[in-house]
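Participant: One-letter residues, chain by chain:
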Amino acid sequence: MQISVFQAFLVALFYYFAQSPWFIGLGYWILYRPLIAGTVVGVILGDPAKGAIIGATINLLYLGFISAGGSLPGDPALAGYLGTALAIGSGIDVNAALALAVPIGLLGTVIWFGRMTLDSVFVHWADRYAEDGNLSGVAFANVVPPQILLFVISFFPVFVAALYGPPAVKAVLDFLGASVLHMLIVIGGMMPAVGIALNLRAIARPQMMPFFFLGFFLAVYFKLDVIAVGAFALVMAFLVMQSSKEVLGNGRS
Amino acid sequence: MAGARKQVTRGDLMKSWLLWTFFSHSCYNYERLQATAFAQSMIPIIRRLYTTKEEIVAALKRHLVFFNTEPNVGDVIHGITIAMEEERANDAPISDEAINSVKTGLMGPLAGIGDTVTQGTITPILLAFGIGMAKEGNLFGPFLYTVLEAVIVLGIAYFMFMSGYRLGKRAVEQILEGGLINNVVVGAGVMGATVIGALTGKFVSLSTPVIATIGQTKVKVQADVLDKIMPGLLPLLLTLGVLWLLRRGKSPVTVMLWIVVLGVVGSWIKLF
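Quick note, the sequences are listed as chains A and B, same order.
Take the first sequence: its position 14, counted from the start at 1, is 14 in the working numbering, and no numbers get skipped.
Take the second sequence: its position 153, counted from the start at 1, is 406 in the working numbering, and no numbers get skipped.
These are computed hints drawn from the structure, not numbers from a lab.
We put the CB at the ideal spot given by N, CA and C, even for glycine.
A couple of the hints might just be wrong.
Restraint ranges, calculated between C-beta atoms of paired labels, are given here [to be verified]: (1) B/M483 with A/A49: 51 to 59 Å; (2) B/L271 with A/A49: 14 to 22 Å; (3) A/R128 with B/T305: 13 to 21 Å.
Okay, derived cross-link-like pairs now, DSS-like style, lysine-lysine, Cα gap no bigger than 25 Å in a straight line [claimed, not checked]: (4) B/K503 with B/K471; (5) A/K223 with B/K473; (6) B/K471 with A/K223; (7) B/K503 with B/K473.
Which bits of chain A does chain B cover? Going by a derived footprint, with three or more residues having C-beta under 8 Å, they are [as the list claims (entries may be wrong)]: (8) 5-18; (9) 170-177; (10) 219-226; (11) 230-241.
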């Protein structure tokens with residue numbers, strides 16, 4: 001499908017919103033996630049369900065995403081907004097969309113790096129306002145110039161890419177043919193393993209691996225959906241918390 | 254005692270919390286990370302407690318130093334800082350160094366705990382639920398994630414901020430060293446590991462079209478061999494392999510490159 005100027009505008013605007021402080025600072029926690037990004041792009045492009053499916057798939061790669069101390073191991077929001085827009089716009093398979101989203105997410109770190117570097121300038125503006133005891137000046141320096149900068153460096157690249165990207169992606173894939181597309185689908189099918197393993201490494205100590213297998217078996221043998229596994233998981237979590245309390249002997253009433 | 258005791262109001266605390274919650278990463282930068290956001294969040298407090306220009310300048314400078322923590326669990330630092338500023342404004346002997354050392358002493362450990370709890374555990378578990386539904390095109394998935402994440406994240410942030418102010422430095426001991434957090438982290442780890450196992454089974458996909466010919470019989474390797482051993486065997490082995498590489502210190506980007514190579518070569522020789 002052809003993405004209109006207005007649709008590209010909205011996609012780019014939401015990519016900015018995802019990193020912005022508006023929405024009670026919840027942008028990073030909600031709009032930034034590919035699950036939500038994909039759904040939003042789906043709504044903008046008139047196919048919410050497709051967007052949600054693509055966003056959810058891309059989000060698997062970023063399940064273990066943690067940005068700590070100003071480092072950013074990829075940009076889930078760019079992968080989510082631009083990846084979904086390109087995928088719907090060029091009409092490619094969901095797993096191929098994930099393979100496409102990988103390099104996009106890595107490119108996003110450039111925007112992050114630019115922002116983190118250039119924002120340092122405004123800290124010195126805040127210092128000058130502080131010298132004068134100008135309270136609103138300090139607030140101004142923290143909000144207005146860095147947000148204008150962020151808007152400029154995040155809105156325009158996505159606007160242009162969403163508008164002109166889909167025909168280009170389609171042309172390249174048509175040129176490369178079915179075997180390359182199959183390759184992308186295979187790669188996209190494997191990629192979620194990275195996000196899953198990253199998250200597993202972050203939260204599960206090695207002693208918790210049996211629970212990982214429990215969840216896996218519940219899914220493959222009993223075909224339970226994730227929420228149903230979550231119910232079992234909750235029970236297991238309570239049992240473990242109770243027994244660890246007893247073992248440690250610090251049972252508090 | 255000379256004069257009435259200076260005290261921040263409930264409204265000041267609320268304003269300060271909101272300023273931080275909105276703008277904690279508005280001007281995030283390599284030089285001092287969240288410094289300007291911390292200073293901005295102290296503005297309602299400074300307005301209430303200090304009147305002379307010297308005091309205001311000193312307070313702003315005090316809070317424009319390097320600061321970085323997890324923005325929700327770390328809110329306890331803001332609460333404690335406000336409690337200390339209040340004492341200071343009432344002529345208690347609290348130096349700039351005292352306030353700074355509390356802030357810098359707490360921001361690291363709270364960032365570690367906070368990132369593990371919010372970004373590392375709560376968010377992925379809620380995402381897993383949302384993804385599970387959204388993969389089938391069910392829009393209730395993203396909606397559920399949005400509501401639960403918003404309530405939990407803001408709930409944690411508000412609770413930590415107000416506890417920090419009410420309990421002062423004791424807050425950290427009460428909240429962190431009471432075993433509560435540790436117990437929650439263990440429970441969340443169990444829950445996370447189980448849910449992530451389900452995601453592996455459902456959404457990592459890898460299969461082989463290879464058909465082996467043994468004598469006269471043709472054997473479909475995927476359907477007749479691998480699926481008989483265990484459905485989802487290849488995705489499971491792949492995920493465990495990736496985990497092993499990550500635990501050995503390989504970077505995620507390196508692992509992704511290896512997967513690309515494996516996918517290209519594997520589909521080239523028609524293994525996948």
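Participant: Holds or violated: are the alpha carbons of A/K223 and B/K473 at most 25 Å from each other?
Facilitator: holds (23 Å)
Participant: Is B/K503 within 25 Å of B/K473, Cα to Cα?
Facilitator: violated (35 Å)
Participant: Does the Cβ pair A/R128, B/T305 satisfy 13 to 21 Å?
Facilitator: holds (20 Å)
Participant: Establish whether the coverage given for the stretch 219-226 of chain A by chain B is satisfied; the threshold is a Cβ-Cβ distance below 8 Å, and no fewer than three residues must meet it.
Facilitator: Our answer is that it holds, as 6 residues pass the Cβ test (under 8 Å) against chain B, meeting three.
Participant: Check whether the Cα positions of B/K503 and B/K471 lie no farther apart than 25 Å.
Facilitator: Distance ~40 Å between B/K503 and B/K471 Cα, so the pair is violated.
Participant: How about the stretch 230-241 of chain A: do at least three of its residues have a C-beta closer than 8 Å to a C-beta of chain B?
Facilitator: holds (count 9)
Participant: Checking C-beta pairs, does the stretch 5-18 of chain A have three or more residues closer than 8 Å to chain B?
Facilitator: violated (count 0)
Participant: If you check the beta carbons of B/L271 and A/A49, does the distance land in 14 to 22 Å?
Facilitator: violated (36 Å)
Participant: Assuming the hint says 51 to 59 Å, is it satisfied by the Cβ distance from B/M483 to A/A49 or not?
Facilitator: violated (32 Å)
Participant: Straight-line Cα separation of B/K471 and A/K223 no greater than 25 Å?
Facilitator: Status violated; Cα separation ~29 Å.
Participant: Just to make sure I understand the rule, a stretch counts as covered if three or more of its residues have a C-beta closer than 8 Å to a C-beta of the chain. Does the stretch 170-177 of chain A meet that for chain B?
Facilitator: violated (count 0)
The structure fails hints 1, 2, 4, 6, 7, 8, 9 (numbered hints given earlier, in ascending order).
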